[in-house]
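Trainee: Using our numbering, count along the sequence shown one by one with no gaps and you end on 278.
In short, the hints are calculated from the structure, not lab data. Incorrect hints may have been included.
[As the list claims (entries may be wrong)] Ranges of calculated distance between the beta carbons of each label pair, as one might list FRET restraints: (1) 161 / 210: 36 to 44 angstroms; (2) 204 / 229: 26 to 34 angstroms; (3) 147 / 242: 50 to 58 angstroms; (4) 245 / 147: 50 to 58 angstroms.
Please read these numbers as outputs of a predicted model, since none were measured by experiment. Just so you know, even glycine gets a beta-carbon here, dropped at the ideal spot from N, CA and C.
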Amino acid sequence: MKAALANYAAVAAGSALGAMVRYLVSLWLLASPGGLPLGTLSVNLLGSIAIGLIATLSAGRWPLSLRMQLFLIGGFCGGFTTFSIFSLEVLTLAGTGAPGLALFYIGLSVALWLAGAWLGNGAGEWLNRRPGR
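Please build the complete structure, drawing on both the sequences and the hints.
Mentor: This is the structure:
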């Protein structure tokens, strides 16, 4: 029971930290040209890179404890990325007379997030193959 509570606390702490960092990045990128939500686009790309890298490294060169995986992957990356906000932004773009921009945003987002996860995975595999630590 105590270990389960510590795991929940790790996810909660990671989520809180990830959400705060997401908010700061969104504030920093608030002024987006053409109305495209660059803050959300950026954090989801960075989160995809991070989750691919962390998952790959923790399965290889730098094994992480279950609790640290929960903190980083389930917590921080989960709190940092913003798919619920993304969904609302797509609906808002489409509902305010910009359905083309909404579709472009969907395609661009998915392509960048998949590329980010691929990049993070590749970086983790490369680091896992390097000699030494």
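Trainee: Look at each hint and say if it fits the structure.
Mentor: Results of checking the hints against the structure:
no. : hint                          : result
1   : 161 / 210: 36 to 44 angstroms : violated (20 angstroms)
2   : 204 / 229: 26 to 34 angstroms : holds (28 angstroms)
3   : 147 / 242: 50 to 58 angstroms : holds (54 angstroms)
4   : 245 / 147: 50 to 58 angstroms : holds (54 angstroms)
Of the numbered hints listed earlier, the single one contradicted by the structure is hint 1.
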